[in-house]
Amino acid sequence: LRLASTGAVRRFMAENPSEFDPRKFLKETVTAMRDLCIARYEAFGTAGNASKIKPISLEAMFQRYERGELAPKIK
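According to the numbering used here, the sequence shown holds residues 83 to 157 in order.
Rather than coming from a laboratory, the hints here were simulated on the basis of the structure.
Warning: the hint list may mix true and false statements.
What the hints assert, rightly or not - FRET-style restraints, in silico, Cβ to Cβ:
1) 88 <-> 129: 42 to 50 Å
2) 148 <-> 91: 37 to 45 Å
3) 153 <-> 101: 45 to 53 Å
Since we're looking at a predicted model, the values are computed, not measured.
Just so it is clear, CB atoms sit at the ideal spot from N, CA and C, and this is done for glycine as well.
Just need the whole structure built from these sequences, with the hints factored in.
Below, the structure written as structure tokens:
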């Protein structure tokens, strides 16, 4: 995402050297990052799976770590 953002800023500045309003070039960075994410989701077959993700509260995650269900494993 960082590289997509940087590339978008550089491209915008090269094409519009008199523009220095951050709102204008940051709009381009958001578009570039969104497009990259969409491409990656589709390439790795994860597009359309957001409904399968069930949010877990911070308290519930804490309880899972306390019980040892999510103990970190370091190799």
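I'd like to know which numbered hints this structure contradicts. Please list them from smallest to largest. Structure breaks hint 1 only.
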